[in-house]
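Asker: Listed below are the residues making up each chain.
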Amino acid sequence: MNIAKYPVKITLYKKGEMIYFSQLDIMHVLERALRRTPLALFYTQGFNPHVKISFSKALKLGVEGKIEVTLYFTSKVSLDELTGNLTPQLPAGLDIV
Amino acid sequence: MVYSLFNVMDFKLFQKPQRYIGNEWNVVKKDHSNKVTICLGYPDLYEVGMSNLGLRIIYGALNQFNDVVCERVFMPAPDLARFLRKRNKKLFSLETKTPLDQFAVLGFNFNYVLNFINFLHILNLGGLPVKASQRRDIIVLGGGIDNPQPLAEFVDVFFLGEFEGTVPNFVNVLRKYKDKESRLKALSQIEGVYVPKFYTSVFENNSYKLIKDYKYAKLPIKRVYVRDLNTSFYPVKWLTPHTQIIHDRIPVEIARGCPNQCTFCQARAFYWPYRQRSISTIEETVKESYRHSGYENFSFLSLSASDYSSIEDLIDRTSAFFQERKIGLSLPSLRADDILGRLYTKLAKIKKTSLTIAVEAANESLRRDLNKKIDINKLFEAVKVVRTLRLKHIKTYFMFGFPQETGDDLAAIGVLLRKLHSQSGLSLNASINTFIPKPFSLWEGEPMQTEAVLLQKKNVILRNVRFNRNLRIFLSNPKKSILEAVICRADRKFWSVIYRAFTKDTEFSTYDDASFLKLWYNAIEEEAIDYRFYLEAKTDNFPWSFIETGQKL
Chain A
7 MNIAKYPVKI TLYKKGEMIY FSQLDIMHVL ERALRRTPLA LFYTQGFNPH
57 VKISFSKALK LGVEGKIEVT LYFTSKVSLD ELTGNLTPQL PAGLDIV
Chain B
6 MVYSLFNVMD FKLFQKPQRY IGNEWNVVKK DHSNKVTICL GYPDLYEVGM
56 SNLGLRIIYG ALNQFNDVVC ERVFMPAPDL ARFLRKRNKK LFSLETKTPL
106 DQFAVLGFNF NYVLNFINFL HILNLGGLPV KASQRRDIIV LGGGIDNPQP
156 LAEFVDVFFL GEFEGTVPNF VNVLRKYKDK ESRLKALSQI EGVYVPKFYT
206 SVFENNSYKL IKDYKYAKLP IKRVYVRDLN TSFYPVKWLT PHTQIIHDRI
256 PVEIARGCPN QCTFCQARAF YWPYRQRSIS TIEETVKESY RHSGYENFSF
306 LSLSASDYSS IEDLIDRTSA FFQERKIGLS LPSLRADDIL GRLYTKLAKI
356 KKTSLTIAVE AANESLRRDL NKKIDINKLF EAVKVVRTLR LKHIKTYFMF
406 GFPQETGDDL AAIGVLLRKL HSQSGLSLNA SINTFIPKPF SLWEGEPMQT
456 EAVLLQKKNV ILRNVRFNRN LRIFLSNPKK SILEAVICRA DRKFWSVIYR
506 AFTKDTEFST YDDASFLKLW YNAIEEEAID YRFYLEAKTD NFPWSFIETG
556 QKL
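The listed protein sequences derive, respectively, from chains A and B.
The opening residue of the first sequence carries number 7 in my numbering; numbering runs sequentially from there.
The opening residue of the second sequence carries number 6 in my numbering; numbering runs sequentially from there.
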C-alpha cells in the first residue's frame, strides 16, 4: 500500500534548557509534539511504525544551535500551517526559525 | 526562596543532565509565596521514579489546589551527589531548583526497601537531619510501604494505603495548622495515617504491641483505599519527559487489586479490594492523556488484565484509536488461555511489543499450593498462536525458594523454558525470583529459606537450563533477597542498621550490587542484629500487625 508522502523542511533552534537533550531525545520531543497537533502525520511502515522525521546533521549535546529537520505528512501541509500548529506544542528552548 | 543553583552549576558536568532539568511537557511551576510547599521525593534515579504511577497521581492531585505547590526530587546519580557534598550545596527540587530544606513537607514513595538508604541520602543532601525528632519544622511523609516500622525513626508521618481520597483532608490540615506538633496531632486523627512518635512499640510474650501515647491517634490503623476508580483523580495532563525513562509509556489503570488468591502475593493485599474502572472512563483517560502528551505507547495496567470483566469490549472500543495513530499498546498480566482464545484476533491488530506470562512454578502440584491457576496445556497452545502475533519476545516469571519445593520442581523450570522456546520460536526472557514471605501476603507467616539452601536450589535450576542466545535468564541473588526480606519484615529497632548502612555509603554505591550488599551486611553485623529472627516467623504476630488491610478470603 502506497501512502502519499509530503515532506516539509524546517529549521529549529535549540537553546537554554533544551541543550541538554540529545538528538534522540529531540526526535521523541518532535514526534510527541506532532502527535499533539491535528496534522495528518506520515508514519514509517513496518514492524514498529513511528512518525517519520529526518535530521540533516546532529548537534552536539550541550551546545546551542540550528537543527534542520524534515517532517512528513500524508497530505499537503504549508509551512505556515505547520508552524502555526507545531509552535505551541514545542518546549521552551526549541523554536522554529 | 529559589536560589540560583542552576546558574552556578553547569549540568554539562554530569552524566545524563536531562534528569535534572525539570522542563517536562505539562510540568507545573508555581510561585511559592503564601502557598503550602510540598516536594515529592523518590529514592531512585529520575528515569525509574518517573515510571511510577503513584508519584504522578499524587503530584497531579496536589497541584490541583491553587494554594499548594508540589514539586519533585529524585535520587541524584553518584556524580551529582558527590559534587553537591563536596561543594556544600543542597539538593534541590527539579521544578524551581529550590533546596529541599525550604519546603514545608517532603513526601516519599518507599516502594523498594533497598532504596531506604537513598531516602536518607536525599534528606541529608537536601540539608535536613535524617531523624524525625531532629527536624524542627519540616514534615517528612512516607507512603507506598507495607511495613513502616523499620523507618519509624526517620519518618514523621506514614500514609498507609491509597492517598488520592485523603489529599483534601491532608491539605486542610496544612492550611489550618502551622507548627509541626499541631500538624502531626491533626494528621494522626485521619484514617490511614500513622505518626510513629505518638506510639510506643513493645515486644513481649512473643508478640508485638503498639501503645498509644497520644489519646486521639488511631489504633489499630486501617489502610485506606479509593472506593470508586471512575471518580478518583487520574493525571491525564501527563508529565511527558523529553528523554527516555524506564517504562516509557502511559499506564492506564483498568483495575486495582486482584481477585485471585496467590499465596505468595503481596500486591493482592496491598491493593485490596479489587475494583475496576469502567470502559468509558478508560477510553476518556486514553484520549485525554494522549491529547495532552502525544505519547506513542500505552499500557492497560492491572494486576491481572484477564480478570477485567469486559476485556474484549475494552479492546474493541479502544483499538481503533490506537491503530489509527500507530500507538503501541501493551497488555501485561494476561492469562495464557485468553491470548489463545477470545483475544487472539483482537491483539493481532494492535502494535504490541512483548508478552508476559507469569507461570511462577513449573509443576502443576506446586502451582496448586501457590493457588496459581494456569492451564499449562492451554499455555502451550497459546504459545503456538503467539508465533503469528507481532511479538519480539516472551517474558516469563518463575519463583523458587518455597519450603515444600522438590528438586523436580526446580529442574522442571529448565524443561518448561526449552519447550516454550521451541514451540513459540521466539526468544525468551525468564525472571526467576526468590520467594520472600512479604508482609500482608497470605504466606507472611512462612519462614524464608537460608542462603545455603537457596544457593543449592539455584544451582539445581541452572544445571537444568540449556543456555543459548534466545534465552535470557535473570535469577535473583539469594543474598539480596534475604536482605530484602529482613528489611521488609523488621521492627523499629532495625533503624540503627539502616542508619549505619547510610553512613557507610559515602560513595553513593547504591547502583553497584556487590559493594552495596557488603555494606548492608556489615551494618547488620556491627549493630549485632540477629537477622534470622525476622525470617523464621516464630513470633505470634509481626511488627506490621497493628495495620488492618481489611482483606477477606
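Heads up, a few of these hints could be off.
As the list claims (entries may be wrong) - A few chain B residues that face chain A, going by a derived Cβ cut-off under 7 Å, partial list only:
no., residue
1, F16
2, K17
3, Q20
4, P22
5, I26
6, K292
7, N302
8, S324
9, Q328
10, A457
These aren't lab readings, by the way, just hints derived from the structure by calculation.
We put the CB at the ideal spot given by N, CA and C, even for glycine.
Asker: A separate judgement is required for each hint: does it hold in the structure or not?
Answerer: The hints, checked one at a time:
Proximity of F16(B) to chain A holds as hinted, the smallest CB-CB distance being about 6 Å (cut-off 7 Å). Residue-level restraint check for K17(B) holds (minimum Cβ-Cβ distance to chain A is 4 Å; threshold 7 Å). A cut of 7 Å between beta carbons decides the hint on Q20(B): the least distance to chain A is about 11 Å, and the hint is violated. With 7 Å as the threshold, the beta carbon of P22(B) comes within range of chain A, its nearest partner Cβ sitting at about 4 Å, so the hint holds.
For the restraint placing I26(B) at the interface with chain A, the shortest Cβ-Cβ distance is roughly 5 Å, inside the 7 Å limit, so the hint holds. With a least beta-carbon distance of about 12 Å to chain A, the hint placing K292(B) at the interface is violated under the 7 Å criterion. The criterion of a C-beta within 7 Å of any C-beta in chain A is not met by N302(B), whose closest approach is roughly 10 Å, and the hint is violated. For S324(B), the shortest C-beta to C-beta distance to chain A is roughly 15 Å, which exceeds 7 Å, and the interface hint is violated.
Among the interface hints, the one on Q328(B) is violated; its C-beta lies about 10 Å from the nearest C-beta in chain A, farther than the 7 Å criterion. With a least beta-carbon distance of about 46 Å to chain A, the hint placing A457(B) at the interface is violated under the 7 Å criterion.
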